[in-house]
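Residue numbers (the working numbering), protein chains in the order written: chain R, 1 to 505; chain G, 506 to 828; chain Y, 829 to 1151; chain H, 1152 to 1474.
Worth flagging that the hints you see were computed from the coordinates, not collected in a lab.
Honestly, I wouldn't trust all of these hints.
What the hints assert, rightly or not - Cross-link-like lysine-lysine pairs, in silico, DSSO-like; alpha carbons within 27 Å at most: (1) G:K689 <-> G:K724; (2) Y:K949 <-> G:K565; (3) R:K367 <-> Y:K1097; (4) G:K724 <-> H:K1177; (5) G:K827 <-> G:K547; (6) G:K724 <-> G:K672; (7) G:K547 <-> Y:K854; (8) G:K778 <-> G:K601; (9) G:K643 <-> G:K601; (10) H:K1177 <-> G:K689; (11) G:K736 <-> H:K1177; (12) G:K639 <-> G:K815; (13) G:K616 <-> G:K671; (14) G:K645 <-> H:K1272; (15) G:K755 <-> G:K724; (16) G:K547 <-> G:K724; (17) G:K666 <-> G:K565; (18) G:K827 <-> G:K755; (19) G:K579 <-> Y:K854; (20) G:K736 <-> G:K616; (21) G:K736 <-> G:K778; (22) G:K736 <-> G:K643; (23) G:K778 <-> Y:K949; (24) G:K645 <-> G:K601; (25) Y:K949 <-> R:K326; (26) G:K579 <-> G:K639; (27) R:K377 <-> Y:K1097; (28) Y:K854 <-> G:K601; (29) G:K736 <-> G:K689; (30) G:K755 <-> G:K645; (31) G:K666 <-> G:K639; (32) G:K565 <-> G:K579; (33) G:K643 <-> H:K1177; (34) G:K643 <-> G:K672; (35) G:K643 <-> G:K815; (36) H:K1177 <-> Y:K1097; (37) G:K645 <-> G:K815.
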Amino acid sequence: MDGAQAPPVVEAVGIAKRFGPTVALADGNLSVRAGETHALVGRNGAGKSTLVGVLTGLHRADAGEVRFAGKPAPAPGDRAAWRERVACVYQRPSVVRELTVAENLFLGRQPRGRFGLLSPGRLRREAAELLEAWAVPVSPDLAARDLTVEQRQLVEIAGALSLGARFVILDEPTAQLEAKAINRLFDRLRDLQQQGVTFLFISHHLPEIYEICQRVTVFRDARHIVTAPVAELSHDKLVEAMIGEARGLVQVGADRPSVSADAEKVLELSGVGVPGFVESVDLSVRRGEIVGVAGSAASGKRQLAEAIAGLRARSGEVRVTGRVIKAGQVPAALRGGVGYLPGDRNVDGFVPGLSVAENATMTIAGKLGPRGFVLPKVRDGRANTMIADLDVHTAGPHQPVGELSGGNAQKVVMARALASDPEVLVLVQPTAGVDVRSKESLLGAVDEQTRSRRGALLVSDELDDLRVCDRVVVMVGGRVVGEHPRGWNEAELVAEIEGIGESGV
Amino acid sequence: KDSAGAPGQQAAGGVGGVGVDLPRADSDFWNAYSGYIPTKAKDLGLTLTATTNSTNDVQKLIGNVDNLTAQGAKALVIAPQDTGAIGPKLDELAGKGIPVISVDTRPDAGKFYMVVRADNRAYGTKACEFLGEKLGGKGKVIEFQGALSSINGRDRSEAFKECMTKKFPAITVFEEPTEWEGTKAQAALETRLSTDPDIKGVYMQAGGVFLDPTLQVLKQRGLLVPPSDPKHIFIVSNDGIAQEFDAIRKGEIDATVSQPADLYAEFGLYWAKQAMSGVTPKVGPTDHGSTVIEVPGGFEDQIPAPLVTKDNVDDPALWGNKK
Amino acid sequence: MRLAKLRDLALIPPIIALLVYGYTLKPDIFLTHSYLVDSVLKYQAVLAMVVLAEALVLIVGKFDLSLESIVGIAPAVAIFLVVGNTSVLGAPWPTWTVLPVALVFGGLIGVFNGLLIVRFKLSAFIVTLAMLIFLRGLQLTLVGGSTISNLAKRVPVIDYLGNVRILTLPLSIWIVVVLFAVGIVVLGYTRVGRSLYAVGGNPDAARAAGIRVERVIWMTLVVAGLLAALAGLMMSAQLASVAANQGEGMIFMVFAAAVIGGISLDGGKGSLFGALCGVVLLGLIRSVLTLAQVAPDQIEAVYGLVILVALVLARLTSGKAQD
Amino acid sequence: MRLAKLRDLALIPPIIALLVYGYTLKPDIFLTHSYLVDSVLKYQAVLAMVVLAEALVLIVGKFDLSLESIVGIAPAVAIFLVVGNTSVLGAPWPTWTVLPVALVFGGLIGVFNGLLIVRFKLSAFIVTLAMLIFLRGLQLTLVGGSTISNLAKRVPVIDYLGNVRILTLPLSIWIVVVLFAVGIVVLGYTRVGRSLYAVGGNPDAARAAGIRVERVIWMTLVVAGLLAALAGLMMSAQLASVAANQGEGMIFMVFAAAVIGGISLDGGKGSLFGALCGVVLLGLIRSVLTLAQVAPDQIEAVYGLVILVALVLARLTSGKAQD
Ligand SMILES: Nc1ncnc2c1ncn2[C@@H]1O[C@H](COP(=O)(O)OP(=O)(O)OP(=O)(O)O)[C@@H](O)[C@H]1O
Ligand SMILES: Nc1ncnc2c1ncn2[C@@H]1O[C@H](COP(=O)(O)OP(=O)(O)OP(=O)(O)O)[C@@H](O)[C@H]1O
Ligand SMILES: [Mg+2]
Ligand SMILES: [Mg+2]
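With the hints as constraints, model all of the structure from the sequences given.
Printed below as a string of structure tokens:
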């Protein structure tokens, strides 16, 4: 690459950043060459997002230096100068929910018309053009609040790229995207790379790294571990660098015993419908079985899960170990033996201000002492067990969940779902945004928890998740269209999910 | 202002200190009263333990009373704007042997040494009689009431209404509650002048609050004309502050009831001194032109509240003409 | 979850500072039991009760402005039915009904607020603001601007609340202490109590975890109504009457105390112990300012300034941003 | 971004209903220019200005309770320096200084609020509440409980604001119309204006997009202070005086109008047009109730009830949850 002799597009040396007592970054080093797509990987809480904050000027580093093209970074307050040098899609949603898509795309740089006033017409036109160029099928007049997660993410990506910066940071852009959308994104990234745009790409999906990145930097425990061309770093070596031990990852669920045909049905759906999303689903889960539910965002799989958990009104009948569960009531579902892990932990997964212990025991608060009393000792005891079982990295049961890294927060949500000792687990996207090792331990927990006692309904479109399942059903347009036993063919499954050959989506 | 209030000065001259509580801080009248307190105390050779303000909140008043007694006040001069709620405290103070002088209002219950007041009901009656005569017993009159929750306002309203119904049944009265807010009075006046352009009289229950706002509206409508003009609207105010006197001199308003702030202060403190010297009040005329009568709970010194018109507006004895 | 986290203790140093300062001002009076209890704390009891109610509502993530009007209307209704000059609903009712009727009335207002907020999904701020205006008006209509007075010895519950002392402390202080203690235990160590924090912190997560969010909010509003009604009875007992404007203007101080005490307006945060400290702090500031002989017309300004300074100091020393 | 989205028009039907109802009550008067302008709208002008100020602050995601005290203190300070009985700072100052001094004072309070909220990261609610208490106190100290009165013809700006009419409309109404129009254009069609919504809706996203969040908040607080000061001058002009309690208690109505008009307390939501409709609606309700001859002691209760009913109806017809 000819970028080798030119100064790096961005260079960070010895960055340190603390948040109160937490050391988010101790020794962050990064050097991104012009024209490359550079991966940044590491476990949850390794300091990746913190480095992004420093590189975009949102955080001021406690120590260390950032240089753009060999020159020192702009002054902290000079946002315009920062934005010329670097654009970013942040990990946390950064749209203004009440404003329209068009306005979000052009926030702070809306086009002006006559008398120096903003021109809504031009804004809408330019936004429409931008969205079209990105093949984002969203009206520019829609409020950002009404976007789906995917749409929101695409809007953010389109907005960041349209800034014209030649260096773009993408912090876990694919965590919430479907396969098709990811492919479209990658096509677009390759295009832009051809045009000379440099990327810093963060993801927990290692295959993606190999797919589009040239070099990779690994962080571990707030430090820079290694930087190398991806070609020189095998998958196992990469994982080793991330988790700091030689033991590789195991394929969770590979050794699951087969489920006997006469095992008790812990979950039976008959004719379950959710107005507007699901037409009529019949499905059952046996004791010891993990049933995957795959499908696109429009398939209704998520709404089906929410209906089983009691969060949505539904028709039809749901039975858990033979007993009918009253519709539309979470407590009824909970009492009936449903454990639920919501699809977006930041929305309804946890209460950020409350402690790990409280969040983890929220579903069993009535069982932590006599007569509705909650004995802190009992609760913390239960929480400590769960922390150990699920390997949650936390300062202790009293730490607020809002301070945990995403993967660890997800484990707390999983602990909450398991706390009530449910007959059946209903899990929605359980590993979204979770690092490889945590993914392994989360899926491992699901595997272990369902070996003999429970059943699980695992709603996901991540193939890694679905591999753990004993069988996978595919939903399209609110109906179950197919079923695949373990050992399914990836291409076939993906084709069915995307409704190829059908009218769906 | 609180020069006499420094600690350690108690019991000067053989009598203990007097604790004074002011009822509110946002009215011209009470501000004038508050201004008279230290000077009158000096004249009488009294020590002030402390002066507090209960900002029209009877709970604060009761707290302040406790605070003043805790600080060693041997007599109290208060002005309870809520005459219902103070009773038990008065009985408690009587039990402790601390005499209480109630200025401006007569408590509904409880024991006190002396009430110093001009009758608020008399204000309303005087205003009614003045307007009734000027209007010849017929026509329409608008009345700016105070806050409905204020006892003084209510007394004035009731007396005004009673007198109007009895003596001038042909006069229509529009009662406008205002919460003592000038803008509310203005809006009410504009509305009434639209619906009933033949309004001929105004009774405002507090000159300090309503004078300028009322004149402003009338001026804009071209209704500020001399009494000889048939368009003239007769205005009676209430308070007796200097601004009202100016307006009377200029012919902008016709009369006001002078509520004697100086005498309230002077005789409130005077009776406090008497009480501390162990004097028992005697019923009958006093040496300061008023009359003491016996009322349930104690005595009352009835201070005259003259109606001020163009004829007597320059009387130097009126407190609004002093300083 | 530990009884007092650091944040809860943030107000202890300024409280101690005020106690020391008060002592240097009046060594002979200030730190006496009778002064602290009868001049400072007793008058904070009603405020403390309403702060307790509001704190619960704030923790569950809502807002209740109408509490200040419940302080007035609940005892007014209950006492009106007993001693009022009316025969509606078979009045006069026996005197024992005062306590239950007041509580039921306060609770019913909570039910109605809950209906509009939880069922109709209206903004809590605007619902309770309209309710406040409505109830204030109802109070005026009912009490008619004239304080219902002279209740001592006529309504037993008023006598008990106003006069009974246990171990030298007035009953009202005991009620506050006991209810705050109960509140602290319930909020800290029961499922229902913890669910208030969960609902206030993230209602969606709470719902997904099986907490009946709507029911918790509704219940909290009803409990707040009950507490405010009890606070109203305590106030009436202190005054032995129901004033037409009882409770009016109190809600600002309620929010000030709660927020200074660390309760967040965003919900899900804060402790009752902190809120109680807020109440005590405000009471001490006011009484120290009175003792320091700050001129009555300046005391409000100084009070506001002291609060501002206290806020800035708390911020600088604790280093934590507020919300 | 379009001038009036559906939500903004939500109040148009109830406004029309009230106009029709008012017309049936008094067909000869109600829909006349003079009635609507002089009896209804003129008295909403001051409220409208403060609502404009508060709406901006709410949209940017903050809270300003101190605006109501700026309505009082800013004109008080400015006029005091001109006509007051003082020689501080070289007073008396020339009369032309009233307008700039009032505005500068209002702006300075905004600067100070901003300092504490933006720089010290204190809660806006509690900062502005303490500021409110402080400024109210300062107002009392300054005006000393005695209304600064009789300003007509002494302070030109007061005369202009109070008396000048352009095309038969009072200057104050023009000011409101023009400033709301400017506000609507700025909020809708300038980057600064749109940034208010961004900052109020999601400050982190706004910051990431290069908006100087702190500066925008600070600037909004200062503009709000300026607007409130101008509102204060308008009020003083209407009353031709500065009352010691000018503006007091207004903030509740300000919030009611803004929230009824669709401004969210959570920030980032609502339009100035909606807020203006809220102001007009409240004014019409009150004036229709007056015309309907609702008894004075019941008018407040009915007012609160009508607001509640209006809220529920708006909810049922629009089908949208509020927040
Ligand atoms: N604002 C903050 N306040 C306190 N601690 C923080 C803050 N931001 C980050 N941290 C801490 O810093 C550490 C690094 O966080 P960071 O977000 O950089 O991790 P990450 O590598 O992006 O993780 P993930 O893969 O989950 O996104 C974490 O332990 C986190 O708890
Ligand atoms: N106010 C805060 N206090 C403490 N920690 C915080 C705070 N804000 C953020 N953090 C931590 O900072 C890190 C950055 O947040 P971020 O959204 O990147 O989390 P994450 O771990 O990457 O989550 P996800 O897996 O959902 O992407 C997280 O570890 C989060 O726990
Ligand atoms: Mg991250
Ligand atoms: Mg992450």
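How the hints compare with the structure:
1. G:K689 <-> G:K724: Since the Cα atoms of K689 (chain G) and K724 (chain G) sit roughly 17 Å apart, the hinted pair holds (cutoff 27 Å).
2. Y:K949 <-> G:K565: 38 Å, violated
3. R:K367 <-> Y:K1097: 24 Å, holds
4. G:K724 <-> H:K1177: Answer holds: K724 (chain G) to K1177 (chain H) is near 26 Å, not above 27 Å.
5. G:K827 <-> G:K547: 18 Å, holds
6. G:K724 <-> G:K672: 31 Å, violated
7. G:K547 <-> Y:K854: 25 Å, holds
8. G:K778 <-> G:K601: Given pair K778 (chain G), K601 (chain G) holds - Cα atoms ~17 Å apart, limit 27 Å.
9. G:K643 <-> G:K601: 54 Å, violated
10. H:K1177 <-> G:K689: 21 Å, holds
11. G:K736 <-> H:K1177: Given pair K736 (chain G), K1177 (chain H) holds - Cα atoms ~24 Å apart, limit 27 Å.
12. G:K639 <-> G:K815: OK: K639 (chain G) and K815 (chain G) at ~14 Å, within 27 Å.
13. G:K616 <-> G:K671: Violated. K616 (chain G) to K671 (chain G) sits at ~34 Å, over the 27 Å cutoff.
14. G:K645 <-> H:K1272: 58 Å, violated
15. G:K755 <-> G:K724: 13 Å, holds
16. G:K547 <-> G:K724: 44 Å, violated
17. G:K666 <-> G:K565: Not OK: K666 (chain G) and K565 (chain G) at ~32 Å, beyond 27 Å, violated.
18. G:K827 <-> G:K755: At roughly 19 Å apart (the allowed maximum being 27 Å), K755 (chain G) and K827 (chain G) satisfy the hint.
19. G:K579 <-> Y:K854: 17 Å, holds
20. G:K736 <-> G:K616: With Cα atoms ~51 Å apart, K736 (chain G) and K616 (chain G) exceed 27 Å; violated.
21. G:K736 <-> G:K778: Judged against 27 Å, a Cα distance of about 52 Å means the pair is violated.
22. G:K736 <-> G:K643: Roughly 15 Å separates the two Cα atoms, so the pair holds.
23. G:K778 <-> Y:K949: 62 Å, violated
24. G:K645 <-> G:K601: 52 Å, violated
25. Y:K949 <-> R:K326: Status holds; Cα separation ~25 Å.
26. G:K579 <-> G:K639: 49 Å, violated
27. R:K377 <-> Y:K1097: Since the Cα atoms of K377 (chain R) and K1097 (chain Y) sit roughly 22 Å apart, the hinted pair holds (cutoff 27 Å).
28. Y:K854 <-> G:K601: Roughly 22 Å between the alpha carbons, so the hint for K854 (chain Y) and K601 (chain G) holds.
29. G:K736 <-> G:K689: 24 Å, holds
30. G:K755 <-> G:K645: 24 Å, holds
31. G:K666 <-> G:K639: Judged against 27 Å, a Cα distance of about 17 Å means the pair holds.
32. G:K565 <-> G:K579: Roughly 20 Å separates the two Cα atoms, so the pair holds.
33. G:K643 <-> H:K1177: 24 Å, holds
34. G:K643 <-> G:K672: 11 Å, holds
35. G:K643 <-> G:K815: 23 Å, holds
36. H:K1177 <-> Y:K1097: 53 Å, violated
37. G:K645 <-> G:K815: 23 Å, holds
The structure fails to meet hints 2, 6, 9, 13, 14, 16, 17, 20, 21, 23, 24, 26 and 36 from the earlier list, while all remaining hints are met.
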